[in-house]
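Student: Here's the letter readout for the chains.
Protein chains: 4
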Amino acid sequence: MQYLRNKFQEVRKQSTHICSPLKTEDYVVQPIIDVSPPKWHLGHTTWFFETFILAPNKVNYRVFDKTYGYVFNSYYETVGNRVLRTDRGNLTRPSVEDIFKYRRYVDEHLLEFLDKLDNCPQKLLNLIELGLQHEQQHQELLLYDIKYILGHNPLFPIYKQATKHIDISEINPQQFLEVNSGNYQIGNNSCEFHFDNEEGEHTIYLHDYAISDRLVSNGEYLEFMESGGYQSFQHWLSDGWAWVKENKKESPLYWHKIDGKWNYYTLNGLKELELNEPVAHISMYEADAYARWKGMRLPTEYEWEIACKKHQPGQLENSNFVEKEHLKPYYTLNNYQFYGDLWEWTNSAYLPYPYFKASSGAIGEYNGKFMINQMVLRGGSYATPKNHIRATYRNFFSPHLQWLFSGIRLAKHLT
Amino acid sequence: MQYLRNKFQEVRKQSTHICSPLKTEDYVVQPIIDVSPPKWHLGHTTWFFETFILAPNKVNYRVFDKTYGYVFNSYYETVGNRVLRTDRGNLTRPSVEDIFKYRRYVDEHLLEFLDKLDNCPQKLLNLIELGLQHEQQHQELLLYDIKYILGHNPLFPIYKQATKHIDISEINPQQFLEVNSGNYQIGNNSCEFHFDNEEGEHTIYLHDYAISDRLVSNGEYLEFMESGGYQSFQHWLSDGWAWVKENKKESPLYWHKIDGKWNYYTLNGLKELELNEPVAHISMYEADAYARWKGMRLPTEYEWEIACKKHQPGQLENSNFVEKEHLKPYYTLNNYQFYGDLWEWTNSAYLPYPYFKASSGAIGEYNGKFMINQMVLRGGSYATPKNHIRATYRNFFSPHLQWLFSGIRLAKHLT
Amino acid sequence: MQYLRNKFQEVRKQSTHICSPLKTEDYVVQPIIDVSPPKWHLGHTTWFFETFILAPNKVNYRVFDKTYGYVFNSYYETVGNRVLRTDRGNLTRPSVEDIFKYRRYVDEHLLEFLDKLDNCPQKLLNLIELGLQHEQQHQELLLYDIKYILGHNPLFPIYKQATKHIDISEINPQQFLEVNSGNYQIGNNSCEFHFDNEEGEHTIYLHDYAISDRLVSNGEYLEFMESGGYQSFQHWLSDGWAWVKENKKESPLYWHKIDGKWNYYTLNGLKELELNEPVAHISMYEADAYARWKGMRLPTEYEWEIACKKHQPGQLENSNFVEKEHLKPYYTLNNYQFYGDLWEWTNSAYLPYPYFKASSGAIGEYNGKFMINQMVLRGGSYATPKNHIRATYRNFFSPHLQWLFSGIRLAKHLT
Amino acid sequence: MQYLRNKFQEVRKQSTHICSPLKTEDYVVQPIIDVSPPKWHLGHTTWFFETFILAPNKVNYRVFDKTYGYVFNSYYETVGNRVLRTDRGNLTRPSVEDIFKYRRYVDEHLLEFLDKLDNCPQKLLNLIELGLQHEQQHQELLLYDIKYILGHNPLFPIYKQATKHIDISEINPQQFLEVNSGNYQIGNNSCEFHFDNEEGEHTIYLHDYAISDRLVSNGEYLEFMESGGYQSFQHWLSDGWAWVKENKKESPLYWHKIDGKWNYYTLNGLKELELNEPVAHISMYEADAYARWKGMRLPTEYEWEIACKKHQPGQLENSNFVEKEHLKPYYTLNNYQFYGDLWEWTNSAYLPYPYFKASSGAIGEYNGKFMINQMVLRGGSYATPKNHIRATYRNFFSPHLQWLFSGIRLAKHLT
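Residue numbers (this note's numbering), protein chains in the order written: chain A, 801 to 1215; chain B, 801 to 1215; chain C, 801 to 1215; chain D, 801 to 1215.
Keep in mind that the hints are not guaranteed to be accurate.
Heads up, the list lumps identical chains together, so a pair's fine if it works in one copy or across two of them.
[What the hints assert, rightly or not] DSS-like mimics (lysine-lysine), calculated; alpha carbons at most 25 Å apart, straight line:
{"#": "1", "residue 1": "Lys1049", "residue 2": "Lys807"}
{"#": "2", "residue 1": "Lys960", "residue 2": "Lys1186"}
{"#": "3", "residue 1": "Lys901", "residue 2": "Lys823"}
{"#": "4", "residue 1": "Lys923", "residue 2": "Lys858"}
{"#": "5", "residue 1": "Lys866", "residue 2": "Lys823"}
For the record, the hints were derived by calculation from the structure and aren't laboratory data.
Generate coordinates for the entire structure from the input sequences, incorporating the hints supplied.
Tutor: As structure tokens, this is what we get:
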């Protein structure tokens, strides 16, 4: 249990650490439906432990506050009513202070519960692990949402000052990793934690392809923009072009042209665009349009996974993907390595693997019911906890979203 | 100047006093477009003094923060860009603390400015007075908005506990004040402060009518509800009926049927419905439907004003209207007399008086441009500062709104 | 009865005459919610006679088709369910041919009914008269809607070619009719037909004012446009300015700038703008902004009515208003000379007169329930049947609408 | 050329034949965005031949009417401006008669063009073939749209009376075709016409699976409904459940419960539900929910294609899929026996095949730009022309749509 105890404390501490630069006001709002208020994240992840671990398993456990179930349930229909997602940003209570109390209360009870666990059934251990993985996912969302809240304030407040400067004055010339056609194994059968959506190693067939060793940079993306990329329907999927028109899109999210120069809002505040950084905060529509303009395409999630496994057989736990040397950490938010690394849009729809089976009960709602109308991203971002990511990990979002930490890796056919 | 100095300090203190029971979180949100975040009210009223008094008149005055103009302008097109009303609730910065600093900064400068004023031009004194009246209007809005924010939270937080109990176990039998047809004088020509929309005493002709001596009570309104009032189109204006259907309205705002009993959210928290209190938080559509069901009608704003002037020739400054004995203060928020008194919907559209002339410049936008698509309310509410209200005061809102402190006074023709 | 018989036949024929230039396709669509399909107008006016006259009064009358009640009820809640207004344009059946059959069927039955009527109760005669007045109102709406349907087609089809040319090369210099303050009589107590909303002659008090002898011309309105009228918030009511911005308004409806010249769509097709014609198809927001820019204002409906009665005591039946000499030639409905006279926006909200009482039953829904959120227009247009209009007639529409035949008459205070 | 000449005449005639039971009014409207007015289909398919064949290739060809390009372009950005899809239903002109003239004009010119073609370049022949295939696609859409227009009319008009009765009093017991895991070939390399989205035969790997020999029947689907299928979130994808709630869905499209019995609107009119017919007019959300409730799943498009090819190696041209014996009689487009065969939702997203390459120019917009946010359907429906369908054909629609002729085929893993 000591391992789990430590991990529990560490993960829980990290959530509040991410919020530590915030003012109370920043915890409250929900400027767009995709963003949740930071205090909601803190409460919701706590509610998850209370509802799925403590309430059903800990003897004589008293729920902290009965009304919290209604407030902090995200989407579990099995567990009763919930605040509509669109209303989260109007709830000023429970206060931030009360939510911190709630966290301490549940933490104490959970640690106490862990201490007394002997011969804990594996199913329960899995559920606690799931709660931690779940909280790690919300840690990443917290950063998306905090950036959105601060980055859309006319005062452009700084989240955190960078403490060291990374030299990115040079960028590696792009190289392509080639993979030959054949049958490959996709998915995860290991004993290590993984989500149900990765479960079930299985065969797929790939055709010859080549995949880039690095992400597209701001400078490269700027060429697309300056060549009229946002004005030419030819490069775009039909829905993407409608999205450009309707939202008058002309650049990635957070970019501002000021006195003729491109600036962008970062967690360090508003600064001039760094050309050698990977381009970030782009929708799948933009990623796809860029690739098309370049005469290439996005990889499928299978191509991505095989390239990743192939190239780094022994290093899956430590790094998300190949050849990130030039991206080495250039600023550090405590123990998070903000390498400038980004989730990478694939051209695969988020659909079940052949042997996918949702768990029974509320936990079964975790992944399966979202397998429609979304596209897969792979690779993790600088906001992804290191011990949360792996080569088989499947992230997924709607193709129009820009607020996540997303980037572009190119692929092409071998000829 | 001493009088103005004192009034300035008193009015400004009152705004922060109204907010004193709030938590920081409560200052931030905007659950519907009609509500503004409390911190916005505090900043906006301050911006008014800075923009219209200090910046143009005080020598060497330095604006507190240039970005605040963009954040705190409400609707003055003359004074530049502004945050869209729908976006106010997403601005976590400036923080509440910063806005309090802003208030102190402007207050100090304004007092300093007042101290040095000799032979102050009347026009400037008027503008300062307007700033204070403006702040008093926002004090009332603050209470509407705070009530909405807390009253729509699933935890139903208490704004302030009532400190004394008022006996309202009995209600006066309704009586009607009769007024004979003839020419009457409407509007305000006095030297005392009044808005441009009341300016210009002028003749109107009234036909015989009778007007109730008190507002409709919760108990009386309940009869309407229980007789199927919200299910019968016959009682409703066409737009009102559409509003009922579209919003599934079945009661005034803040009413909740719990275990078969009507409760309502008040600033003292959720409690059982008090039958003898005036019915509050009703739209003009509901007021009109009730009157029609009762075989009567709402008064026009002229009928209201003449009845008010007629009945209380010497008491206009102290009270809003006739016969409120039974409503005497049953709880007190500091020096505000919360008599349970309410703004009263009239059946008059908000339109200019014959001699109406808007001021020049930004101040001209104060009232005139809103003279369309709104209905007039008269009389003030328990949230209206006593020295802010008078018999000629014209309040105005869209007929579908319920979040204001509104009630019903009946009128009828003499037969 | 012969008088009624003749009038019935004449009015009914006029409706189909108005539609005679249409193709079958033109009868079907509803491009905006305010427009109804021409075939719906033809069916609805027929349904009115069937439902309110024949079904309850004619012995053994068999309803033509039971489903028509659902299709052709406009807003009478008393008479059962109805197609939502927004869905009228999707109903391809009943076909135009079937609706013409329906008209013939009801016409025959109604004439038969009239023939056998002896000692017809006045109430029933009134109802038949109301049916005819109702149909005349729809004749005017038919022209609004036909113009909208054809005028928004990219082919700009001609409704009807003008058969004679009117010389409007000169325009009278504007003169103002002055009226002195005092008590005046408003409304209608006559035995002639009039709507319940005009009923009840009663006293009002007017202040000195002056009112123009003619409408504002296209040329005069163009000056407003060219001086930046649509770009300057100062001239506009707040809701009007929002309407301009949201709808990107830059001119009256049907105006198109082609190769640097203003053209407009008329019922005679697209042609170059005639500067001396009265400006038409403007919203109340535009009328009000123009008047304000001109340093004047719109008249109230009372000012309009008194000026009208005052100036033309003996001619109320033949003409709508003073000094229309130069417009006379255009006012010939049968030749469809579509120049001319227009409804005139007033600055009065549509509200009940002091003695207003709605009829009982479904007919009571005719006018009263719309007395909110609309502004009054007076005077009639070139599309208004001559025997339908009078000095006390109150028309009413929402202030943002442009598709009606509306114009501007200026008023001002005497100084 | 004779073959092409004959096919051209036959295909063009079929479009007008489908419309022959319509009244002029039925050609005009667009009740929902997915539906296009029948007259628009007739014009658009003609415009396709004019724009892509005649205008660029036929010497001295004069375009029928220049404005038609604007009216009848569907989505080809390359070819200039176009009427917004939402506005198609408001265009009463060009009239139906004019569109028939347009068709005759283009037909004559195209036949003349074909007659003079010697050594016609293959690329041009392909384009003419594409025009015909395109028109066949619109023939199917025409039936969807006609059914929607008539089926949403409160009079429920009959499109065409069935001329013979089919006995479907019995239904075959369901059997499952088993397919073993392994590499298979997907896609189309043949010389026969096929769309670019099927092009490029390529390997995929399939796992063991079983697939039903017939579609789910109305009776079987009714069991799902009666077990509370539309009330239990457990069966639904998250977006599907939101769709059910928001649209208050309780049954497939066109079903009406009348006096306690299920009826449905068919092209033969409103009739009692036939339990043994395949359930039709269901969204992919409903198909997926049904399969989940049944403990099975939808097939992927690969599983579908391999099962199809495997089972009927020699019959691809004549039939869409396995074991349709009991459906055969209904599959006769000319008699309009509208029972039968349906497009089958798969659980595959519509994405490019490995060797997909869009054509250059406007034709490249035909398929590729829609490869996002849609799901694949396979198999064809009773409205699909026989010579238009094949085993590799990929149809695609958004998962919420019900107005197409869609059904459910179940699949499952072998265990």
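Student: Using 25 Å as the alpha-carbon threshold, which applies to Lys923 and Lys858: within, between, both, or neither?
Tutor: within (15 Å within a copy, 72 Å between copies)
Student: At most 25 Å between C-alpha atoms: does Lys1049 with Lys807 qualify within a copy, between copies, both, or neither?
Tutor: neither (42 Å within a copy, 46 Å between copies)
Student: What label fits Lys960 with Lys1186 when the C-alpha limit is 25 Å: within, between, both, or neither?
Tutor: within (21 Å within a copy, 48 Å between copies)
Student: For the identical chains here, do Lys866 and Lys823 meet the 25 Å Cα criterion within one copy, between copies, both, or neither?
Tutor: Answer is between: at 21 Å across copies they meet the 25 Å cutoff, but 27 Å inside does not.
Student: Taking 25 Å as the upper bound on the Cα-Cα distance, should Lys901 and Lys823 be classified as within, between, both, or neither?
Tutor: Cα proximity of Lys901 and Lys823: in one copy and across copies (17 Å, 16 Å).
Figure legend: structure checked against the earlier numbered hints; the only hint not met is number 1.
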